[in-house]
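Visitor: Next come the chains, spelled out residue by residue.
Protein chains: 2
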Amino acid sequence: MKIDDNFFMKLAIDEAWKYQLLTYPNPAVGCLIVKNGEILSIEAHKEAGKAHAEVNALKAAYLKKYPNDVIKAKNSSHDIHKYLIENHKGFFNDCEVFVTLEPCNHEGKTPACSNLLKELKPKRVIIAHKDINKEASGGIETLLKAKIKVDLDCMRKEAYDLLYPFIKWTSGTFIFYKMAQTLNGSIDGNISSNSAKAYVHALRDKIDLMLIGGNTVRNDKPTLDARYIAGRAPDIMIYSKNRIFDTNIPLFKVANRKVTISNDLFKLLDYKIVMVEGVYNLLNILKEKLDFIVLLVSPKIRNGINALNDIDIDFEIVHENYIGDEKIIYLKKKS
Amino acid sequence: MKIDDNFFMKLAIDEAWKYQLLTYPNPAVGCLIVKNGEILSIEAHKEAGKAHAEVNALKAAYLKKYPNDVIKAKNSSHDIHKYLIENHKGFFNDCEVFVTLEPCNHEGKTPACSNLLKELKPKRVIIAHKDINKEASGGIETLLKAKIKVDLDCMRKEAYDLLYPFIKWTSGTFIFYKMAQTLNGSIDGNISSNSAKAYVHALRDKIDLMLIGGNTVRNDKPTLDARYIAGRAPDIMIYSKNRIFDTNIPLFKVANRKVTISNDLFKLLDYKIVMVEGVYNLLNILKEKLDFIVLLVSPKIRNGINALNDIDIDFEIVHENYIGDEKIIYLKKKS
Numbered sequence: 001m002k003i004d005d006n007f008f009m010k011l012a013i014d015e016a017w018k019y020q021l022l023t024y025p026n027p028a029v030g031c032l033i034v035k036n037g038e039i040l041s042i043e044a045h046k047e048a049g050k051a052h053a054e055v056n057a058l059k060a061a062y063l064k065k066y067p068n069d070v071i072k073a074k075n076s077s078h079d080i081h082k083y084l085i086e087n088h089k090g091f092f093n094d095c096e097v098f099v100t101l102e103p104c105n106h107e108g109k110t111p112a113c114s115n116l117l118k119e120l121k122p123k124r125v126i127i128a129h130k131d132i133n134k135e136a137s138g139g140i141e142t143l144l145k146a147k148i149k150v151d152l153d154c155m156r157k158e159a160y161d162l163l164y165p166f167i168k169w170t171s172g173t174f175i176f177y178k179m180a181q182t183l184n185g186s187i188d189g190n191i192s193s194n195s196a197k198a199y200v201h202a203l204r205d206k207i208d209l210m211l212i213g214g215n216t217v218r219n220d221k222p223t224l225d226a227r228y229i230a231g232r233a234p235d236i237m238i239y240s241k242n243r244i245f246d247t248n249i250p251l252f253k254v255a256n257r258k259v260t261i262s263n264d265l266f267k268l269l270d271y272k273i274v275m276v277e278g279v280y281n282l283l284n285i286l287k288e289k290l291d292f293i294v295l296l297v298s299p300k301i302r303n304g305i306n307a308l309n310d311i312d313i314d315f316e317i318v319h320e321n322y323i324g325d326e327k328i329i330y331l332k333k334k335s
Numbered sequence: 001m002k003i004d005d006n007f008f009m010k011l012a013i014d015e016a017w018k019y020q021l022l023t024y025p026n027p028a029v030g031c032l033i034v035k036n037g038e039i040l041s042i043e044a045h046k047e048a049g050k051a052h053a054e055v056n057a058l059k060a061a062y063l064k065k066y067p068n069d070v071i072k073a074k075n076s077s078h079d080i081h082k083y084l085i086e087n088h089k090g091f092f093n094d095c096e097v098f099v100t101l102e103p104c105n106h107e108g109k110t111p112a113c114s115n116l117l118k119e120l121k122p123k124r125v126i127i128a129h130k131d132i133n134k135e136a137s138g139g140i141e142t143l144l145k146a147k148i149k150v151d152l153d154c155m156r157k158e159a160y161d162l163l164y165p166f167i168k169w170t171s172g173t174f175i176f177y178k179m180a181q182t183l184n185g186s187i188d189g190n191i192s193s194n195s196a197k198a199y200v201h202a203l204r205d206k207i208d209l210m211l212i213g214g215n216t217v218r219n220d221k222p223t224l225d226a227r228y229i230a231g232r233a234p235d236i237m238i239y240s241k242n243r244i245f246d247t248n249i250p251l252f253k254v255a256n257r258k259v260t261i262s263n264d265l266f267k268l269l270d271y272k273i274v275m276v277e278g279v280y281n282l283l284n285i286l287k288e289k290l291d292f293i294v295l296l297v298s299p300k301i302r303n304g305i306n307a308l309n310d311i312d313i314d315f316e317i318v319h320e321n322y323i324g325d326e327k328i329i330y331l332k333k334k335s
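So the sequence lines, in the order shown, correspond to chains A and B.
Residue 1 is where the first sequence starts when you use full-length UniProt numbering, and the numbers rise one by one after that.
Residue 1 is where the second sequence starts when you use full-length UniProt numbering, and the numbers rise one by one after that.
Careful, some of the hints might be misleading.
Here are the simulated DSS-like pairs of lysine-lysine, each with C-alpha atoms no more than 25 angstroms apart in a straight line [as the list claims (entries may be wrong)]:
1) B:Lys-64 <-> A:Lys-123
2) B:Lys-197 <-> B:Lys-64
3) A:Lys-300 <-> B:Lys-287
4) B:Lys-65 <-> A:Lys-46
5) A:Lys-10 <-> B:Lys-18
6) B:Lys-72 <-> A:Lys-333
7) B:Lys-147 <-> B:Lys-130
8) B:Lys-65 <-> A:Lys-149
9) A:Lys-300 <-> B:Lys-334
10) B:Lys-178 <-> A:Lys-300
11) B:Lys-72 <-> B:Lys-18
12) B:Lys-82 <-> B:Lys-10
13) B:Lys-178 <-> B:Lys-147
14) B:Lys-2 <-> A:Lys-74
15) B:Lys-2 <-> A:Lys-65
16) A:Lys-197 <-> B:Lys-334
17) B:Lys-72 <-> B:Lys-50
18) A:Lys-18 <-> B:Lys-157
19) A:Lys-300 <-> B:Lys-332
20) B:Lys-289 <-> B:Lys-267
21) A:Lys-123 <-> B:Lys-50
22) B:Lys-50 <-> A:Lys-2
23) B:Lys-64 <-> B:Lys-82
24) A:Lys-287 <-> B:Lys-300
25) A:Lys-241 <-> A:Lys-197
DEER-style ranges, computed between Cβ atoms [what the hints assert, rightly or not]:
26) A:Asn-303 <-> B:Phe-252: 32 to 38 angstroms
27) B:Asn-87 <-> A:Lys-89: 38 to 44 angstroms
28) A:Asp-4 <-> B:Lys-2: 18 to 24 angstroms
Cβ-to-Cβ under 8 angstroms is the rule here; a few derived chain B residues that face chain A [as the list claims (entries may be wrong)]:
29) Gly-37
30) Ile-39
31) Ile-42
32) Lys-46
33) Asn-93
34) Asp-94
35) Asn-184
36) Ala-198
37) Lys-267
38) Ile-301
39) Asn-303
40) Asp-314
Hints were generated in silico from the structure; no laboratory data involved.
Just so you know, even glycine gets a beta-carbon here, dropped at the ideal spot from N, CA and C.
Please construct the entire structure, taking both the sequences and the accompanying hints into account.
Guide: As structure tokens, this is what we get:
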């Protein structure tokens, strides 16, 4: 196996995927720091408002060499920026910084990463994908002006896949379909483990809207909140022509939530990030509009209702990972 | 993410899995070399008779620093051993060698890896799993006698899963079930890509026996050779009570192959490595005897015959990887 820029960037991309969608409205970004060939850190942006991937990675890299440094206790982005600028003593001058997205160039909730890098002066910054957000872009120019070597487009395709949800919700709506099944495609009964359920609740906590089929509501009588992680319950749109529902169904009783009943799917475009939960019926109706399918696969073979119907869709696997013992697979429709 | 011994060993284990089963009768082994924190190489044993993982990794590590060294042209294990022992000039003294299995201690088709390491004197050898083969073991003692620091059992569970086929075929029979399906469990028609088919043919080239159901033979009229890789066609056992088959079915016409028709599954135990191809019927009959299921998943949703029947089995995913755009998943029945 070749140990090259692609190898390092792949590790940064994989780390970023662990927080995919959970960083909304920010992009998922990963960063890896190498000092004289040694990997010092691999970190990611974890949640909007928290430190960017570069900041987490720079801090972890410094701690790798000075495990007892006071930076350990600094958690806010501002504090880490300030501390590193004042105390780096040239530590990063022989470092290479691999980052999946162009470092941000503007002061938002957190200070600009390009400015921090400019001060720390690493030997080289390797960037997989340019920023598409006009407000935050310009990071490359800042680095080049500071005479830092910049290499662009390393693993660009993989970085684009990672960035894709952000690109969609920045310019319009990102719609993803969440499904859970066994290895053999059975969707019957209680499939997922508790850690997979907690992950789904973490997604619900982040999204703008959840779309669910009317029959699923009538049959399953779900709550559709984020109680496993004590999170925010998302607003709900029930896809149904028939507007009559038993209001004792728990989802109607969750506080601080709006429930809409509609069969007008254009309403989805009023939102930035929409999660669809349902069976293949809804998948069929929405298939041209879906950006991702997030498929949770439990490693069992089970006799049960199968998700098969008349759909034929070809996918590309853009990423996959584990949640506990189960698989999570991110699929994109092949164009 | 922590950059520690486990991180490095995981990379070595993942590299070894790329050649899982293809190294038969040898174990799949991976090796990673770190010099002052820098990863120099990640290599694996690829095929019986060819260089061991350690030898491939030591050569690649040396080449990483001296890309034009004459070692580049040396491919036989003997030549690499000899060259490194005579020319290392202390290069490996500050290296750490991560290897998924205790280095072999005996001269077989290739010289002993423990002896090579003894001469190169790395700073530390990290071993995930002790050898279980009495003839080849003793590597750790050789290293310790040479005053090389040895750490044992790093990622032992993952290394055990990697070693498991070898453990089984060394002490008896390793039986694995090969299946191909779409995402939603459809097993209908022509599912796999050409690269997945080539992989299956590479497996067929290595195994002692292929077991296949009588009805599959009657319906599909298969050839079951290894033509995609110009490999050896395996011997076949057709599982059937009824011994009457149309001898024009292509599998009977392949040269240098033995075909047995039997319903006595105890005969499988006369072989070291058996691949079963078939549908869930045979899986149900064999489920207590199977060591692995090797599941190829094509990222499509298809309307078609589903593999569902009355089987309920829980699995552990021991590894997964890509073959081209498709997934390969190694499953072990949960005990």
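Visitor: All hints are to be evaluated individually against the structure, with a verdict given for each.
Guide: Hint check results:
no.	hint	verdict
1	B:Lys-64 <-> A:Lys-123	20 angstroms, holds
2	B:Lys-197 <-> B:Lys-64	34 angstroms, violated
3	A:Lys-300 <-> B:Lys-287	13 angstroms, holds
4	B:Lys-65 <-> A:Lys-46	36 angstroms, violated
5	A:Lys-10 <-> B:Lys-18	17 angstroms, holds
6	B:Lys-72 <-> A:Lys-333	43 angstroms, violated
7	B:Lys-147 <-> B:Lys-130	18 angstroms, holds
8	B:Lys-65 <-> A:Lys-149	23 angstroms, holds
9	A:Lys-300 <-> B:Lys-334	10 angstroms, holds
10	B:Lys-178 <-> A:Lys-300	16 angstroms, holds
11	B:Lys-72 <-> B:Lys-18	23 angstroms, holds
12	B:Lys-82 <-> B:Lys-10	29 angstroms, violated
13	B:Lys-178 <-> B:Lys-147	45 angstroms, violated
14	B:Lys-2 <-> A:Lys-74	19 angstroms, holds
15	B:Lys-2 <-> A:Lys-65	13 angstroms, holds
16	A:Lys-197 <-> B:Lys-334	21 angstroms, holds
17	B:Lys-72 <-> B:Lys-50	16 angstroms, holds
18	A:Lys-18 <-> B:Lys-157	23 angstroms, holds
19	A:Lys-300 <-> B:Lys-332	11 angstroms, holds
20	B:Lys-289 <-> B:Lys-267	13 angstroms, holds
21	A:Lys-123 <-> B:Lys-50	40 angstroms, violated
22	B:Lys-50 <-> A:Lys-2	20 angstroms, holds
23	B:Lys-64 <-> B:Lys-82	19 angstroms, holds
24	A:Lys-287 <-> B:Lys-300	13 angstroms, holds
25	A:Lys-241 <-> A:Lys-197	29 angstroms, violated
26	A:Asn-303 <-> B:Phe-252: 32 to 38 angstroms	35 angstroms, holds
27	B:Asn-87 <-> A:Lys-89: 38 to 44 angstroms	39 angstroms, holds
28	A:Asp-4 <-> B:Lys-2: 18 to 24 angstroms	23 angstroms, holds
29	Gly-37	3 angstroms, holds
30	Ile-39	5 angstroms, holds
31	Ile-42	4 angstroms, holds
32	Lys-46	12 angstroms, violated
33	Asn-93	17 angstroms, violated
34	Asp-94	12 angstroms, violated
35	Asn-184	4 angstroms, holds
36	Ala-198	19 angstroms, violated
37	Lys-267	26 angstroms, violated
38	Ile-301	5 angstroms, holds
39	Asn-303	5 angstroms, holds
40	Asp-314	5 angstroms, holds
In terms of the numbered hints stated before, the structure departs from hints 2, 4, 6, 12, 13, 21, 25, 32, 33, 34, 36 and 37, listed from lowest to highest.
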